[in-house]
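Novice: Below, each chain spelled out in residue letters.
There are 2 protein chains.
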Amino acid sequence: MGLAQSPDPLPSWKDTPSREAILAFVDQVTDKTSADYVAPAERIATFDNDGTLWSEKPLYFQLMFAIDRVKMLAPQHPDWETQEPYASLLKGDTKTFATGGMRAIGELLKTTHTGMTATEFEALVSDWLASARHPTTGRAYTEMVYQPMLELLDYLRSNGFKTFIVSGGGLDFMRPWVEKVYGIPPEQVVGSSRRTVYEVREGKPVLVRLPEIAFVDDKAGKPVGIHTHIGRRPLMAVGNSDGDLEMMQYTAAGEGPRLMVYVHHTDEAREWAYDRDSAVGRFDKGLDEARARGWTVIDMKRDWKVIYPDPKP
Amino acid sequence: MGLAQSPDPLPSWKDTPSREAILAFVDQVTDKTSADYVAPAERIATFDNDGTLWSEKPLYFQLMFAIDRVKMLAPQHPDWETQEPYASLLKGDTKTFATGGMRAIGELLKTTHTGMTATEFEALVSDWLASARHPTTGRAYTEMVYQPMLELLDYLRSNGFKTFIVSGGGLDFMRPWVEKVYGIPPEQVVGSSRRTVYEVREGKPVLVRLPEIAFVDDKAGKPVGIHTHIGRRPLMAVGNSDGDLEMMQYTAAGEGPRLMVYVHHTDEAREWAYDRDSAVGRFDKGLDEARARGWTVIDMKRDWKVIYPDPKP
Ligand SMILES: [Ca+2]
Ligand SMILES: [Ca+2]
Numbered sequence: 002m003g004l005a006q007s008p009d010p011l012p013s014w015k016d017t018p019s020r021e022a023i024l025a026f027v028d029q030v031t032d033k034t035s036a037d038y039v040a041p042a043e044r045i046a047t048f049d050n051d052g053t054l055w056s057e058k059p060l061y062f063q064l065m066f067a068i069d070r071v072k073m074l075a076p077q078h079p080d081w082e083t084q085e086p087y088a089s090l091l092k093g094d095t096k097t098f099a100t101g102g103m104r105a106i107g108e109l110l111k112t113t114h115t116g117m118t119a120t121e122f123e124a125l126v127s128d129w130l131a132s133a134r135h136p137t138t139g140r141a142y143t144e145m146v147y148q149p150m151l152e153l154l155d156y157l158r159s160n161g162f163k164t165f166i167v168s169g170g171g172l173d174f175m176r177p178w179v180e181k182v183y184g185i186p187p188e189q190v191v192g193s194s195r196r197t198v199y200e201v202r203e204g205k206p207v208l209v210r211l212p213e214i215a216f217v218d219d220k221a222g223k224p225v226g227i228h229t230h231i232g233r234r235p236l237m238a239v240g241n242s243d244g245d246l247e248m249m250q251y252t253a254a255g256e257g258p259r260l261m262v263y264v265h266h267t268d269e270a271r272e273w274a275y276d277r278d279s280a281v282g283r284f285d286k287g288l289d290e291a292r293a294r295g296w297t298v299i300d301m302k303r304d305w306k307v308i309y310p311d312p313k314p
Numbered sequence: 002m003g004l005a006q007s008p009d010p011l012p013s014w015k016d017t018p019s020r021e022a023i024l025a026f027v028d029q030v031t032d033k034t035s036a037d038y039v040a041p042a043e044r045i046a047t048f049d050n051d052g053t054l055w056s057e058k059p060l061y062f063q064l065m066f067a068i069d070r071v072k073m074l075a076p077q078h079p080d081w082e083t084q085e086p087y088a089s090l091l092k093g094d095t096k097t098f099a100t101g102g103m104r105a106i107g108e109l110l111k112t113t114h115t116g117m118t119a120t121e122f123e124a125l126v127s128d129w130l131a132s133a134r135h136p137t138t139g140r141a142y143t144e145m146v147y148q149p150m151l152e153l154l155d156y157l158r159s160n161g162f163k164t165f166i167v168s169g170g171g172l173d174f175m176r177p178w179v180e181k182v183y184g185i186p187p188e189q190v191v192g193s194s195r196r197t198v199y200e201v202r203e204g205k206p207v208l209v210r211l212p213e214i215a216f217v218d219d220k221a222g223k224p225v226g227i228h229t230h231i232g233r234r235p236l237m238a239v240g241n242s243d244g245d246l247e248m249m250q251y252t253a254a255g256e257g258p259r260l261m262v263y264v265h266h267t268d269e270a271r272e273w274a275y276d277r278d279s280a281v282g283r284f285d286k287g288l289d290e291a292r293a294r295g296w297t298v299i300d301m302k303r304d305w306k307v308i309y310p311d312p313k314p
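Residue numbers (this note's numbering), protein chains in the order written: chain A, 2 to 314; chain B, 2 to 314.
To be clear, the hints were calculated from the coordinates, so they are not data collected in a lab. Check before you lean on any hint, since a few could be wrong.
A pair holds if it fits inside one copy or across any two, identical chains being indistinguishable in the list.
What the hints assert, rightly or not - Taking lysine-lysine pairs in the PhoX-like style, the calculated list, with each CA pair at most 20 Å apart, reads:
#: 1; residue 1: K15; residue 2: K302
#: 2; residue 1: K15; residue 2: K220
#: 3; residue 1: K205; residue 2: K181
#: 4; residue 1: K286; residue 2: K205
#: 5; residue 1: K220; residue 2: K205
#: 6; residue 1: K72; residue 2: K92
#: 7; residue 1: K181; residue 2: K96
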């Protein structure tokens, strides 16, 4: 409005079509004189987490937490030395663990993520994040978030958007840290969850995490999670894998302008490069549909000046 | 801050201990110099809906909607003329219907609330609210909300509170109208829900409401719904029945000051008077515990100058 130039809201983004598409979309829906103007209440932006806001290699960071927890619990479970999937994990052999597929992952998560109260689980996650370091970068996991995405979240919020996480990851695994790291409050996190029950233990109300899965917020579950939790269709959705495709389709099917953004991991030097053949974060059908329908596909190598924030001093 | 007196934030509340307790609590947690100061992000207030924000007699208004829908659907279901619980409802005999208990209610809700898409259901609710009138007051149902509660919601929000509904009622029954009526956006509504699935029908993504119950947000379900949806313990909780007791206990168990408020229906002349023996909105154990623990119990007759807002012209 004035003569002064406003500072670049996306300083870590190169001047490429991805950046242009985002800026043009936000201008379009926030311009009161535009036919495509959208009221602030409807400016809902949903972000996948793993591979979209932070890295996900060599394994989803939630699995890294689970594996570290297996190691911590092992002294109380001598049988694990010979029992899969624990035996492999205790030997550091994630390859044999991976051959167990979803069944092994399910067993691992059940053992490490349930049986305690919600408050106890939150403390386990917070303690782990405070000390754990990524095996190849040596960074804290919460410092492996994408600087360009932190800027995008801020930029959207400063334009009246409400930013949500919609992740296949565990709701209670994300909530202890996402407010501090992404500026996203716990009530704006949609995720997978375990059945949780209310109990009074020694006169104190607690919430207990049971082994049963309550909701899987992935693939066709994402539009359901969005509907149940938010109750509005996103104006904009951001993801990185086939697990986000239904969220993209649901977003695209809304009336008026919508922005669908996929992150393509193309930067082997600064992060990882993977898509169609990756077990973690497979991006195959989603890539085809994004190209066919003209959705925005961020090329990490080409579009981003930096990947991670400067490490905290 | 200035010399001018600020306008009374709760003009429909009489000057009684209930009003005093609310004002004192809000002062206490928002005063930056107080040891009990609470940051705005943690100022979560959860409100039950039926009997707390609007009336619930002769039956929960959601059941009135269901019964009207049975009447509308009856021509397509000739068998309902002899089949319970429909036969009684079609004759206007809610007494016989009520003898069917939860089983009859479950059947009624399944028939009238599922099988359609989420968008179709939303339209059914909105259309009904636009034309239906309460059998004894003749008011639109959305004009049977409590004026003192509308003021309380505004007052809390103007003091940095985030206001949520946490109701045993259907999530998708509330969302079409609560933003306009209470100023509570759909993403701040926690309620009971049906299993919902994502499908692509004729190329269009839709969410389909299935008969299975996904979550019951009542009694011990309320703290679970709060945890799953909000992820923070309420600073303040407001309800009117035994169905809210676990929410109150969970709130009270938090550290620092917490405010638990019960609405007691004591005004037979202006609304209804009921508590321990009422099938709808039974307030028995909750009343005992509120008295024993010194929670705030609003006496509608004594504490409120008016019940409903002036009718819209
Ligand atoms: Ca992902
Ligand atoms: Ca109630």
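Novice: List in ascending order the numbers of the hints, as given earlier, that are violated by the structure.
Specialist: Per hint list: 2, 3 and 7 violated.
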